[in-house]
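Participant: Sequence:
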Amino acid sequence: MKILYRVFPWLVLAVFVAELIAVLSPRRPTEFDTAEFGRLPVLLNGRIQPLDSVAKNSLLQIRSTGSVPLAEVPAWKFWQHPPKLRPTDWLLEVFFQPAVADSRPIFLIHHPDILSELKLADRGVAKSGLRYYPFTDIEPVLEEILAQARQASRVESARRTSYQQQIIKLGHAALTYRQLKNSLQPEGATDFAQTVAAYKTVLPAGIAAA
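Sequential numbering of the sequence shown, starting at 288, is according to the numbering used here.
Quick caveat, the hints were computed from the structure, so don't treat them as lab data.
Every residue gets a Cβ at the ideal spot worked out from N, C-alpha and C, and that includes glycine.
Incorrect hints may appear among the rest.
Calculated cross-link-like contacts (lysine-lysine; reagent style DSS-like; alpha-carbon spacing at most 30 Å) [unchecked claim]: (1) K343 / K456; (2) K468 / K343; (3) K468 / K371; (4) K468 / K456; (5) K414 / K468; (6) K371 / K456; (7) K343 / K371; (8) K468 / K406; (9) K414 / K456; (10) K414 / K371; (11) K343 / K414; (12) K406 / K371; (13) K456 / K406.
Derived DEER-like restraints, expressed as beta-carbon distance ranges [to be verified]: (14) K414 / Q384: 21 to 29 Å; (15) V442 / R326: 20 to 28 Å; (16) V442 / F319: 19 to 27 Å; (17) E359 / L330: 31 to 39 Å; (18) D409 / Q452: 31 to 39 Å; (19) P328 / R447: 33 to 41 Å.
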């Protein structure tokens, strides 16, 4: 037992060093340079910022975390670290693979009354007492969420209940996600180039009529 007490601190140090090396090790370059993509500047909310910042801030608003786990690991397996989707990679997925992005459990909902009212209590992914939901679960009740969020926002912030605070946060998260999905082209557009071309055709007549 005394030997164990002497060895244990060194084991902890060894694990820490191994984790540090894993984090700092250079990653293999991929066919698509997501790091460079993340540095591209965009205009959002009146200021220019890199896409990586947009991705991070959006994830924090929606999921309250800075990445998206790609696998679920039981809490008791605390030594295992599941692979994660980094913010820029997640944003690329939202842009170009929206169906896949819709299946990621990123919406944090933990208020029991909201879960009950939206009939989501038996859905989602549980992690550390919290529940995360994909957009595929949120979309069918999205209009109800937004309606409740608008109603709750009319209440003075100091007087809002925890339910009202959470439904407003969920509404903002859903709107943020939907705006990201429609950033490059409108959702559901099968031929965006053709849509733009048709718009250019009718634009002069519209301007003349105005």
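Participant: Identify every previously stated hint that the structure contradicts and give their numbers, smallest first.
Facilitator: 15, 16, 18
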